[in-house]
Each structure stands twice: as structure tokens, then as C-alpha cells.
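S.K.: Add chain X to chain B, keeping to what the hints say.
Number of protein chains: 2
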Amino acid sequence: MRVTTSFPLGTLRDTPSEAEIISHQLLLKGGYIRRINSGIYAYMPIMLRVIEKISNIIRKELNKLGCSKLLLPQLHPSDLWKKSERWEGYTAGEGIMFNLKDRQGKEFGLAPTHEEVITSIASEIINSYKQLPLCFYQIQTKFRDEIRPRFGLMRSREFIMKDGYSFHSSKEDLVSFYKKMEIAYENIFTNCGLETVGVDADSGSIGGASSKEFMVTAEAGEDTILFTKSGSYAANIEKAVSIPNEAIPLKTKTDKLLETPNQKSISDICKNNNLDPTQIVKVVLYIARFEDKSEIPILTCIRGDQNINEIKLHNLISNKHSSNLIKLNKIENIKHIEKNLSNLPIGYIGPDLKDTVINKNSYWTKTWLRIADYSASNLSDFISGANKLNFHKVFNEFSFSEEQFLISDIRNAKKGDFTIKGNKETLREKKGIEIGHIFQLGQKYSEKLNASFSDNDGKLKNLWMGCYGIGVTRIAQAAIEQNYDENGIIWPIQISPFEVVIIPTNLKDPIQKNLTEEIYKDFKKNNLDVLLDDRDERAGVKFKDADLIGIPFQIIIGRDSINKEVEFLCRSSKNKFKIASKNLLEKFIYESEVMYNKKS
Amino acid sequence: MRVTTSFPLGTLRDTPSEAEIISHQLLLKGGYIRRINSGIYAYMPIMLRVIEKISNIIRKELNKLGCSKLLLPQLHPSDLWKKSERWEGYTAGEGIMFNLKDRQGKEFGLAPTHEEVITSIASEIINSYKQLPLCFYQIQTKFRDEIRPRFGLMRSREFIMKDGYSFHSSKEDLVSFYKKMEIAYENIFTNCGLETVGVDADSGSIGGASSKEFMVTAEAGEDTILFTKSGSYAANIEKAVSIPNEAIPLKTKTDKLLETPNQKSISDICKNNNLDPTQIVKVVLYIARFEDKSEIPILTCIRGDQNINEIKLHNLISNKHSSNLIKLNKIENIKHIEKNLSNLPIGYIGPDLKDTVINKNSYWTKTWLRIADYSASNLSDFISGANKLNFHKVFNEFSFSEEQFLISDIRNAKKGDFTIKGNKETLREKKGIEIGHIFQLGQKYSEKLNASFSDNDGKLKNLWMGCYGIGVTRIAQAAIEQNYDENGIIWPIQISPFEVVIIPTNLKDPIQKNLTEEIYKDFKKNNLDVLLDDRDERAGVKFKDADLIGIPFQIIIGRDSINKEVEFLCRSSKNKFKIASKNLLEKFIYESEVMYNKKS
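First to last, the sequence lines map onto chains B and X. Letter by letter, the first sequence follows residues 131 to 730 of the working numbering. Letter by letter, the second sequence follows residues 131 to 730 of the working numbering.
Hints listed in this document are in silico derivations from the structure and should not be mistaken for laboratory results. Among the hints, a few may not be true.
Since the list gives no way to pick out one identical chain from another, each pair is judged satisfied if it fits inside one copy or across any two copies.
[Unchecked claim] Below are the PhoX-like pairs computed for lysine-lysine, each with C-alpha atoms no more than 25 Å apart in a straight line: (1) Lys-231 x Lys-457; (2) Lys-654 x Lys-194; (3) Lys-643 x Lys-194; (4) Lys-301 x Lys-712; (5) Lys-694 x Lys-704; (6) Lys-212 x Lys-386; (7) Lys-231 x Lys-212; (8) Lys-708 x Lys-638; (9) Lys-490 x Lys-554; (10) Lys-159 x Lys-260; (11) Lys-574 x Lys-484; (12) Lys-260 x Lys-643; (13) Lys-190 x Lys-589; (14) Lys-194 x Lys-651; (15) Lys-674 x Lys-159; (16) Lys-638 x Lys-260; (17) Lys-236 x Lys-518; (18) Lys-386 x Lys-544; (19) Lys-544 x Lys-651; (20) Lys-190 x Lys-460; (21) Lys-674 x Lys-386; (22) Lys-651 x Lys-450; (23) Lys-655 x Lys-194.
Every value quoted in this text rests on a predicted model; they were computed, and no experiment measured them.
Here chain B stands alone, though its shape is the one from the complex (with noise of 0.2 Å):
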């Protein structure tokens, strides 16, 4: 392509302020994206280049599992989504949904992700066990109404995903065709050119049994990734699991009651009273709201050097429960407590608070629902509130009995904690930004939206899912975040936009343009993904621009052009050498190829 009559570039001589990372800032100095509302891009010619190159590369993995490419729609009447119980959530709830009512009143969603509407149409096409496996997946542009918008592409409001949709007979069948996946996973990034690492993690609102995320190691990613350096543990924070440090048993046996005046916090108490934060219990209270209105409050406790992990938290509830959790607040709101609690001494609470303290006329249930995580449940003598304003307390013996407490894992696994596979290796961290999801979705659809099918048994049943998202957006901007240098981005070839991009320095000397004219028709005879940057532009401007769009191989056209020689530039060594045109082409295949080969 010639950049003055088909590509043209839009590239930027300063770094626009609102990026706050550098593959945010890249892509807009680049041209590659413009920014039209917050969260909401164009791509460009050139990006739209890499985001086609991704989408061949996914495709190939996939077709080769079988599976079939279509296009769902992203309008999905609201029915669809109450079948599965999810509108709620999505809408009202966290709010995460575009929605809309059409001319006639109708409700719609603005697709995020295509379960229901998949699962809908699987019941409709499959009837028999001989239709099974199948797979369906679509490249297509998804929405969410983030509540913070940023990172570019990141973490946007539009952006384009792989989505795809696994039907199987049996548990069996869904759990082979999963670790097929996997694998057509880890080649479909190593084809990408991408470091990427796979790990347990939390499957959120999509719901199942099991899944596993694929992470972009990058100190711009908002996931924290916790592992052991063997490689025998990774995991999504959300998820991880772990063996704390052990605690310091308490000593002080005596004096029930603690004076510890405006010591709302653990380090303030283990200050003044020469504690450590093992040997407390912290409480923390928090509102859970359903999806058919009911309201239970929730009393948590936890070592006092340990944080809750709201995700282990929210699960654990919703499993509990037969209606929806659609939120989970902290009890922080003064308003909100004055209107349902009466004498809570917040900041003092223990884990024995009483029920009484909840208004007979709130609308919550009337008694706490109890979670211990095991750090505080293995204690038995700790300091925690007095639930006395200004007062803590030494609990002697005190049991977290299963009568009155769930005991569970509600705790953030952090760096340093043991592996609970016993082998004593301790986790690192790392962030990472997550670019693929897989999910054992199990019959939670099939079951809500009656997809089933007959058995070789003659018996009908509901068909088992999984499903599998790539971030095709996403990689692009992951794979600049590993992949850059103070000049710009450093494609991995395989997505770059252009493998290589012929610089003339000077159009005006005839004697350079028919050279450069010669290479450029050489290079298109042979199909090669080459641009040329024939702009009436100073040398020094487009080496800059070249540098900056990070296409892998330059081809500099330049003085040397009357002995037929030029120069031939790696974007990522920065090894230059000249060469004579006759053994351009050659040079630039077998580099390519060894470019290639290298990465994936």
C-alpha cells in the first residue's frame, strides 16, 4: 500500500494527556486509534490491520478444532436475558449493560456476551447426541458501560471479542474439548507473538465450575496474578488460594475488656497495645441485596493482617442462596445505618455483635449472617471489638462454631503466603492484563433456557457448555505493553500491521524513486505485506513515523540508491545494514521467516 493514495497515517507529534500507559499512548500517538467518547475509539486503517491479522490467526486455531464461525446479534431482547436471571445483574445491578427501549416500549441489552442468545438458538438446532460436540464462535464488537473507562482499549466501552460457545452430550465430553481448547489458546497467542500466562481465576457473573484466564505479564495490567516460581501455581487474585504466616498466639489472658480510645484501626491497636495484627480479629459488615428484593446483612471476620476478597465473599453468598446476589455493599453509609442498625459502635464491633442491633422495622433480615474466614476461625484467643464504643476485647476460647458461623475461604491469598499444596513454595506476584477467558459453564444455561437434546439412551437432557473469550482489542494493546522502546511500539510481526515498510528519503531524486518504485513492485509481485512511505516528507519525519508505528523491518532508500544499494533496518535489534537491491527480497523472506520463527 502507498501511504498517499491508499494508508493514509495520522500520526501524532505529541503525547495526547489523557494516556496514562504507554500502549495507551502509542496507539493514540500512533494513529492507530481516535478517541470519540470516553471508552469509545475508531480504529484506524492501521489498526484495523492488526486487529484483522489477530482475527485470522484466532480463526485458524479454531477452524482447525471444528468449530464454526457466525454472527449473533447485539441487540438482545430483555426475555432472553430473565430466562437465565441475569438482566437484573447486568442492568439494575451492576449496571455493566447498555440498555434501551425501542419505539414499542420493548426492553434491549446491548450485548456484552452472547450465552443466552447461543444457548437459545442451540435448542433450537440440536435435538440428537449425534449433533454433538459442536462449536460456535463469532469475531464481533461487544459493549460495556464501564464505570471508569480507561487504558485505551483497555478497558473500553466498545471493543471487539472472540466469543465462542461449546455444546457437549456429557461433563466428560465439555471437559475434553476445554483442554483441547486450552491448548488452541496458548497457540493462538504464541501465534501472536505474545508472553502470556495462563491461570485459575474467578468466573464471575459468566458462572461454571471451572475456568482459567490467559494473562499478558505487564506492569500496566489491573489483574494481580499470584504464582510460584516452579510454575506449579498461578492464579488470578480473585481466585488464588494460600496458607497465610502463622499467627503469635496471645499471652494476655487477664483483663476482659481493652480501653482503646479512637483505635478504629489494626495498626493503631497493635501500636498502643503492643499487639500483633495475627492476634486480632477484624470484623467487617457489609448489606447483600437479591434480585427479589430481600436484604440480609452480613457480619465477616478475618485475621487482622488478612483483607477480605470480595469475590470469595459475593460467591459464597450467591451460592448460598436461591435468589440472584445482585449487590454486596460494605455497612458504611451513616444514613444506611441509622435507618437499620441502632447503637453500632463502629469501629468496635466483634464477632459475637447481637442481632438485636438490627431495627425491627428495617427491611433486612433480621439476623446477621455469619461468615468466618479460616484465619480467624483457627484462632481461639484474639483481641476483636467489645462492641462498646471505644472498647475492645480479649476473647479466652472463644469457637467459631459451624452452628453460628460459615466457615470459609474469604481471604486475598498475597505474595509471600505458602502454596496449599503443602510443598512450602511461597507466591510470587506479578499484574497482568487478561486477553483470553475459558469457562466450564456445566448446564447453568441449558437447564435456565431448556436446551436439551436426546441421549443414545433415548433420554432427554440438558446439553453441558463451555465458553471461551478472546479480547481481540486487547492484545493488540497487551502486545505493545511487552513490545516498545522510546521511539514506539515494536510489533511482534505476526500482528504487525505491515511486515515491512520502504522508506525513500528523497522522492525528488529520480534516480531514488525508480529505485524505490522497482523494490515497492518486486515486494507487491510477491505478495509481500509491504508499505510504502511515499509522502513528500523530510527523511527525518518519516524515520521518526516508521520508528513510532513499530513496523518490524525498514528499507531505506537513500543517496546509495545510484550504486543500487540501501538500507535494511530491524525495528527491534536495531541492527541496520546496507545491502544491494538485487538481494532485498531474499534478505527481507529469510529474516522474516526467522522473525516468525522466533516468537511462535
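M.R.: For chain X alone, kept in the frame of chain B given last:
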């Protein structure tokens, strides 16, 4: 592809009752699309292949013109559409644009078209005439909240379009590019195997000076095309101009009042008073509502045998006013009339209706905007309403003076009319399906969105724009309207999901099975576009499905396998002959090339 492992078919036995026209029926019955909601469809794998083939044909042709492919967002902030003054018309007015508020309460529309977004980008990236011309295009799902979604993909609420936008430094350059695009469009449709006709068209809410539609002629079309046999003229009825037959002169010059009790229609009056419709002036009242909330009452006059063209009327009124015309409604609602008009003898209105019938306390402007079509203004002696219940009146030497009347063409041309070119050719009529529309937008959007460039004289000027649409999913359906028989679809080979389908009649026979595999692998090895129906179904079922889904060539592998012979069938001609399997590949390549060349 193999049907069992990676390309499930979803044909139906019965024709879905919801589908009114054949192409919609066949798309559903053939398993190409599945309905998710009114006007919202899933494109199944077999449909996506058709869409991708059409998209590729478009891409190749546009790339030849130097157009650059990009991808613009689907959620458009209202601000942008307010700048172009289209927000009100597209939402509150026609209501064709789905719209919503995000979690911050900001308004967004779901894009039916992208003039605003691309012009806003152009204003940022185009500085100099040296960068021009530029043309961007995308292939993307669009949204329209149709009042009456119907005919499957023909009038759906989600559909795929190619939309392109060009930018120029002068009107001349725009016109010259527009002409190239016109040829590119003709190539695209021919390359899709379609027969189309280009017609003059109204530019509608897109705007601009000149526009042309490309129509697939078909009985099921929703558009009416008027054209001459010689091809000298062709236009959409919305835009078509013509000369109506001559009026019969009115002889009755006496007896000015005519008692016409209960004679509200033209035919009633003619029948009871021995008149010809050409001797009558019909008066129709409208109320025009503008974006600035002003409301103007409109009085239109047209000859009794002619009909008002509301699109021409809309454009005329729109051009006369600075504020956007949002809605144009006939005055016929009784409550509406009672509120704003006094003593209005509906059915007996004449061109001289007084302004005083408009109530003083009405919100309406207090004078009629009087508009006469040429067919009325050419008459001086005629019958019209007497503005008195049950009476008409003879008008003698009445003058539709330009002080009182706006005189213009607001009439529907119709078949039998003469062309205005004076060559005395008459118009014929056909139904058509619009599959493409190209517009010379001029500077409408660049003015409103402040998109300027510095010209070679150093002055800042507004960009000249063109825009170019193709209904991708519509092409697919229109192609079926032109190509089907009693057994199903007969795809033009260019856009068929596959070029050939292999149908083994009995896979349990190892000889047939081996030959099938041999042929399939041979075709795959040669990169041919082949589907293998390897289902364990009766041969009859497979034949029926193959005819229904309409792949141009069928290879039937049956009992003659033992002699290494198969049957080769052409779906359109129904020609069928035996052939030795060793000659099959060559024969297929030859026959498919003939078919490609015949239609493109």
C-alpha cells in the same frame, strides 16, 4: 468443510409462517438465519460465508479506488449528532435511531450511519489539500429502529452495511470521484452475480445535492422505479419527475356553487357531476413540525388525478426553513383539528381557504403556507372545495399567484406519464430492492462539524464530501429474490457459501466412502471451495437440503462408485451427467469458470 464435524446445517422441513416473501422463507428454511426478535437475526455459519464473500468483493473493488478500510464505533455521543442537527430528527422525530443513556446519564445513539463520526475524524487528520482526496470505508452492523421490521434482512433492525465516506478539495474532484465510485458499484454488483439498475434518488435525511440508488429489480421490492424502455431515464418514485397526461378543459363556467352532499372523494364528485378528475383541484392539509418547536400549517393543491409526493413536499418545506423539519403529518386527527382550527369543512376545502380558520390560541403559525403542484397551477378553470360543508365551487380564471403560492413539483410521477426530456417516451414501472446508494454530500457536514483544510491558495475551506452505502445483508437476500426455484435457492456462484457440495448417498458402503474421501481430499488439496455432506442421513434428505441451500454444483457419489464414476449436477440448469472421478476436478474447474464469466 465437513458437515458433521465443523459445518452444521440447520435446514427446516416447513416454511416458517412469519415469512411473507420467498427470499425470507428460503433464508429461514435453509438455516441461513434465525430470528432472535422482530427484525433481529442471527447469521448462521452458512450465512456468514455469503456475507464474507460479498464483503470481499466489495473490499477488492474499493481498494482498487484507493479507499482505506477502518472501523468506527457503533455508539455515538449525542453531541456529535446535535452539531449536524440530526439528533432530534433521528430520535424524537422519525425515531429511527435507537438511543440510550449511559450510567452517567449521557445520551448515545446506536449508529445507523456515520457521517458525523467520520467528519469529526477528518476534521482532525486532514490539514492540507495535499492529503486529498481520501476515502474511508467500513463493513459493519448498523441499527435502525424500524416502525415495521419485515421481509427478513430486507427491513431489519440490525443489518450489515458497507459505508464509505470520501473527502475532496473541490466540488469537481468530488464529482469525478463519485463517477468512479458509480463504476466501482456497478462492478461490485456484477461481481456478486446480480442484475441491477441505477436510478436517480432522493437523498433523504443524509442530504446532499445528488444521489443515485442501485436497485435489484424484483417483485418483492419495496421501492418503485420509473424508467423508460430506451434506458434514457430511471428514477425512484420518491424522486422521479414527469409530465402528466393533459387535463380535459372545464366547460361549466356558470353556477359557481355545486351542491355535493357526502361527496368527499374525487371519484364521488366526478361520478355525481359528470366531471373528469383532471378538472378538479384536490387540497390536502399538513402540519409541519420543526426542531425549534415551531409548527406551520401547510395547504397543498394538486390536480384531482394526481397524488402528493410527501418526500418532495418534505424537501421543499425543509429547504424553505432554517430549522430542521422533524415531522410532516396530514391534518386528519379530529382532536388536533378541533384544537387548532375552527369551522373546517373537511373534504370540502378549496385553495382559497382563509387563514382565519386557524385558532388564535393555537401554537401554529397563523397563516397557511400554500403550495401548488404544477399540475394544479397550470389550471385556471377547475372545481375545488367551497370551504363550506357539502359544497364544491367552480373556480374561473383562478390564479395560483407566486405571491400566495409556492409553485413546485410535489407530485408522484407514475407509469404512463411522459418524461420531461420532451422525447415523448412514457414511463414504465417496476419494483426494486435498494442495495446501494451513493451521495454527493457537498459541504453539509463539513460546515456543521467544522471540517476544513488549507487549499493550495493558502485559504481555509470546508471539505467536500461524498458518501457511499451498500446493504451487504440485503444483497444476499436480493440475490435470492432473483435466483430461486421451487426447490430452493440458486446462488450466483460468486456469493454462494460454497461452490460445490459433495453428497455421498451411502457412507456405510466402503467403496462409496473411500471414493468420497478421495474426491474431497483432492478438492481440498486444490484449495477448492467445497462442502462435504457426510451426515448419516438418507440420500433423499441430503438431495433436498442441497437443493434448498442452493450451492451451484453438486457431486453425487452413489452406486457407480464401483466404476469410479459419479454424477455432476448444475443447480441452476439442472443438467446432470455421469463422469469418471478422475476427470471430475478438471470438469468442475472448467464449469465453475464458465459460470463466473457468464455472470460477471
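S.K.: Under the constraints set out in the numbered hints, which ones does this structure not fulfil?
M.R.: Of the numbered hints given earlier, those the structure breaks are 4, 6, 9, 11, 13, 17, 18, 19, 20, 21, 22, listed in rising order.
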